[in-house]
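These protein sequences, in sequence, are chains A and B.
Here this note's numbering is used: the first residue of the first sequence is 258, the next is one more, and so on.
Here this note's numbering is used: the first residue of the second sequence is 7, the next is one more, and so on.
Derived from the structure by calculation, the hints contain no laboratory data.
The beta-carbon is built from N, C-alpha and C at its ideal position, and this holds for glycine as well.
Looking from chain B toward chain A, a few residues come up when the C-beta cut is under 10 Å (computed): (1) Met56; (2) Ile70; (3) Ile197.
The residues making up each chain are set out below.
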Amino acid sequence: MERLSKNLSARTLWLLFALAAGFVCAALRRWQLASAFEEGTGLAVPGAQASVILTCVLVMSAAWFVILSMRQPMSSPPCAAGQARRWDLVFLDAGDPVYPISVVVAAFLAAASAPALLPTGISQWQDYQKARAALAQGLSVQLPSNNGALTIATAAGALLAFLGLLQMGRDGLHPGRRGKGGFSAALPGVAGCIWLMESFRAHAANPVQWDYAPLLLAIMSGMMFYMDFAGISAGAARPRRLLWLAAMTLVLSAVALVSAICDKAWADALLLLSQSLTAAAVLWRLPPNLEHPPKPRQIPGSKPGRTPTIQEEPTDE
Amino acid sequence: MENWESEVEQNPQQGASAPGDGAKPEAKPRREASDGRDLYLNVRVLVVMMSLFVLMFTFVARIIVVSGPSMENTLHGGDLILVWSLGYVPKQGDIVVLTQESYQEDSIVKRVIATEGQHVYVDYVRNTVYVDGKPLEEDYTKEQMFLPAWGEGVNNVVVPEGCIFVMGDNRNHSADSRFPDIGIVDIRCVIGRGMAVMFPFNRWKGL
Numbered sequence: 258m259e260r261l262s263k264n265l266s267a268r269t270l271w272l273l274f275a276l277a278a279g280f281v282c283a284a285l286r287r288w289q290l291a292s293a294f295e296e297g298t299g300l301a302v303p304g305a306q307a308s309v310i311l312t313c314v315l316v317m318s319a320a321w322f323v324i325l326s327m328r329q330p331m332s333s334p335p336c337a338a339g340q341a342r343r344w345d346l347v348f349l350d351a352g353d354p355v356y357p358i359s360v361v362v363a364a365f366l367a368a369a370s371a372p373a374l375l376p377t378g379i380s381q382w383q384d385y386q387k388a389r390a391a392l393a394q395g396l397s398v399q400l401p402s403n404n405g406a407l408t409i410a411t412a413a414g415a416l417l418a419f420l421g422l423l424q425m426g427r428d429g430l431h432p433g434r435r436g437k438g439g440f441s442a443a444l445p446g447v448a449g450c451i452w453l454m455e456s457f458r459a460h461a462a463n464p465v466q467w468d469y470a471p472l473l474l475a476i477m478s479g480m481m482f483y484m485d486f487a488g489i490s491a492g493a494a495r496p497r498r499l500l501w502l503a504a505m506t507l508v509l510s511a512v513a514l515v516s517a518i519c520d521k522a523w524a525d526a527l528l529l530l531s532q533s534l535t536a537a538a539v540l541w542r543l544p545p546n547l548e549h550p551p552k553p554r555q556i557p558g559s560k561p562g563r564t565p566t567i568q569e570e571p572t573d574e
Numbered sequence: 007m008e009n010w011e012s013e014v015e016q017n018p019q020q021g022a023s024a025p026g027d028g029a030k031p032e033a034k035p036r037r038e039a040s041d042g043r044d045l046y047l048n049v050r051v052l053v054v055m056m057s058l059f060v061l062m063f064t065f066v067a068r069i070i071v072v073s074g075p076s077m078e079n080t081l082h083g084g085d086l087i088l089v090w091s092l093g094y095v096p097k098q099g100d101i102v103v104l105t106q107e108s109y110q111e112d113s114i115v116k117r118v119i120a121t122e123g124q125h126v127y128v129d130y131v132r133n134t135v136y137v138d139g140k141p142l143e144e145d146y147t148k149e150q151m152f153l154p155a156w157g158e159g160v161n162n163v164v165v166p167e168g169c170i171f172v173m174g175d176n177r178n179h180s181a182d183s184r185f186p187d188i189g190i191v192d193i194r195c196v197i198g199r200g201m202a203v204m205f206p207f208n209r210w211k212g213l
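Chain A on its own, in the form it takes in the complex (with noise of 0.2 Å):
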């Protein structure tokens, strides 16, 4: 009972404070859509004030959760090279469903988006070449900017981060399997390199680095977040870290998430809410666990006295 309402505290400081700024920061760029644009050009009003409001307080968050993050109590030092399963128990626990539900989720929610980009990829690289075609025949087109590769790829790349994803869920539900952070982790921080490759080239164009900075730095965001999720299993924790990009990937996503929302660009939404469900998912898990690590039950029929290894940990599913 006392270490439940220890968990809770520790998931509730970083939960409450996630949530509650990544909901102000999606109504201030609600407000900054809705008046910080010139209407007819889209160009960005210098000054506005909703602008300048949403840069103090993503900045004010981040430097919010650096102090969270460098006050989180941790019952361990940081590992050393080459004792890479220590920091797996950080994601140990065999009767909470949350976790695993919420990666689970968030897998499915990343594989939806390549529906919604493959059509698109596939239309794009079509008109792409019957313009090539067109050219080569010697009459005066126009060869589109895109040719849909890097849309296509990036809904590969969706399908990538459902399998790591769900490998993520499934250690979760399993613990004592192999590694609870899980090097899957690292492949939706892959997916993601595409992804941002995708959105930076959809926007290069564009002068008004308003309309498309936020879903890059999310993406970004996001990246470093699964790698150092990945990290936990690869003996190069930076637990710390971690938390502080959790809840950077959800403050920066729901910023981002308004904007995709608004221009009903339906997959970054999908990939945006994965991203966001799996770092609220770590946040819930992490910090109570880094305080109070669970500690590897004993193993019916072994010696008393030795501790049992991760690997042979029981399962309660």
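Since the structure of chain A is provided, determine the placement of chain B on it from the hints.
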């Protein structure tokens, strides 16, 4: 402090040498863990580099491909140019990359002829551009300027505040501020200043 290390990690040298042989125990190779960590670190470098590149391209500088003949002979179609964005304020004579969505969604490359408050007069008869009544010395233009197909267009104007007047160096094959669909350009439409031709290498030069 609770013990939450696995046995293997606590005793990495266990079983590496025979007991009592007096030899210094050799560490058992942990190839699997090392390979996994190396792979992870390589992937992380890729992700970090990608993020840094996109951050730099978004806020500091980027490389764009020139399309079309409008800036010949200074720039040619297919040239890769380095464009500086951070803190750039357009100045007369600079080569700039801008996007005017009333004309096309892709960015275009032009030269700044006049900035806010300056008066521009394009004289097709004398093949001269006047800024504030003074003729510009333009050694960069490709050929003599003729009256465009769309007529004189915007050829006699005072540039409003926060705007620039741009023209291509290949005056007879350039849709620029003279063309009504483009017109005077808001400086917020400017992505950055062309700094140098990066590729092809034999045409490398500062702009």
